[in-house]
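> The listed protein sequences derive, respectively, from chains S and Y.
Its first residue numbered 964, the first sequence is counted upward by one per residue in the working numbering.
Its first residue numbered 15, the second sequence is counted upward by one per residue in the working numbering.
Think of the hints as simulated: they come from the structure by calculation, not from any bench.
One or more hints might be untrue.
With a cut-off of at most 30 Å between alpha-carbon atoms, the simulated BS3-like pairs for lysine-lysine come out as follows [as the list claims (entries may be wrong)]:
id	chain 1	residue 1	chain 2	residue 2
1	Y	K23	Y	K36
2	Y	K54	S	K1019
3	Y	K67	S	K1057
4	S	K1057	Y	K33
5	Y	K67	S	K1033
6	S	K1057	Y	K52
7	Y	K54	S	K1033
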Amino acid sequence: QKEVEQDPGPLSVPEGAIVSLNCTYSNSAFQYFMWYRQYSRKGPELLMYTYSSGNKEDGRFTAQVDKSSKYISLFIRDSQPSDSATYLCAMSAKETSGSRLTFGEGTQLTVNP
Amino acid sequence: DTEVTQTPKHLVMGMTNKKSLKCEQHMGHRAMYWYKQKAKKPPELMFVYSYEKLSINESVPSRFSPECPNSSLLNLHLHALQPEDSALYLCASSQPREGRETQYFGPGTRLLVL
Chain S
964 QKEVEQDPGP LSVPEGAIVS LNCTYSNSAF QYFMWYRQYS RKGPELLMYT
1014 YSSGNKEDGR FTAQVDKSSK YISLFIRDSQ PSDSATYLCA MSAKETSGSR
1064 LTFGEGTQLT VNP
Chain Y
15 DTEVTQTPKH LVMGMTNKKS LKCEQHMGHR AMYWYKQKAK KPPELMFVYS
65 YEKLSINESV PSRFSPECPN SSLLNLHLHA LQPEDSALYL CASSQPREGR
115 ETQYFGPGTR LLVL
């Protein structure tokens, strides 16, 4: 069983839809959670990060963490064609020498005009 | 400024060639990383340098040799690569905070081994 499970999609939605992206994890040591967006043939771009359970909002994006259920989500409101990309969840445990990120497989999202 | 730069953007090399990938950051971060990413897969960690010392080596073949000349620069020396090493090579940096840190990625070098 993988430490982090993420539905790879692909996910296709109309412009303006609310998008929900999810990851589950099995390692209780994970305490820091991130979402990256990766456009085709580009490097991952950090979207949001959090280390506490609850919601964190940034514009159209909301990150949600439920540590008791080992479940994290990213919501995108009013989705735009420019949101079309692969979304990667990533998480890390406490380490002293740089962090080791464990990624989900990534969800490929297409927002249709 | 959260920019990590990588050169070259693209590289084509034969299996007998020696080449180097370069990465630079000016955010004052003291941890730097090399990742390998194949198509439709997440990045795979190769090496981590923390305070200019190699702290993680994920059992990468010796044909990949990392170097950290100073806190801003990271190199990956390539020698006698195989076609299956063709991939996007990503550099990242972060400020070590015992796991509570965010990694910033560069745009990557797309490598093709013939």
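> Taking the hints in turn, state whether each one holds.
Against the structure, the hints come out as follows:
Proximity of K23/Y to K36/Y is assessed by CA-CA distance (about 10 Å); at most 30 Å being required, the pair is judged to hold. At most 30 Å may separate the alpha-carbon atoms for a hinted pair to count; K54/Y and K1019/S meet this at roughly 28 Å. Restraint check for K67/Y and K1057/S: satisfied, since their Cα atoms lie roughly 19 Å apart, inside the 30 Å limit. For the given pair, K1057/S sits about 35 Å from K33/Y by alpha-carbon distance, which is inconsistent with the 30 Å threshold.
Among the hinted pairs, K67/Y with K1033/S is inconsistent with the structure: their alpha-carbon atoms are about 33 Å apart, more than 30 Å. With a C-alpha separation of about 27 Å, the suggested pairing of K1057/S with K52/Y holds against the 30 Å cut-off. For the given pair, K54/Y sits about 25 Å from K1033/S by alpha-carbon distance, which is consistent with the 30 Å threshold.
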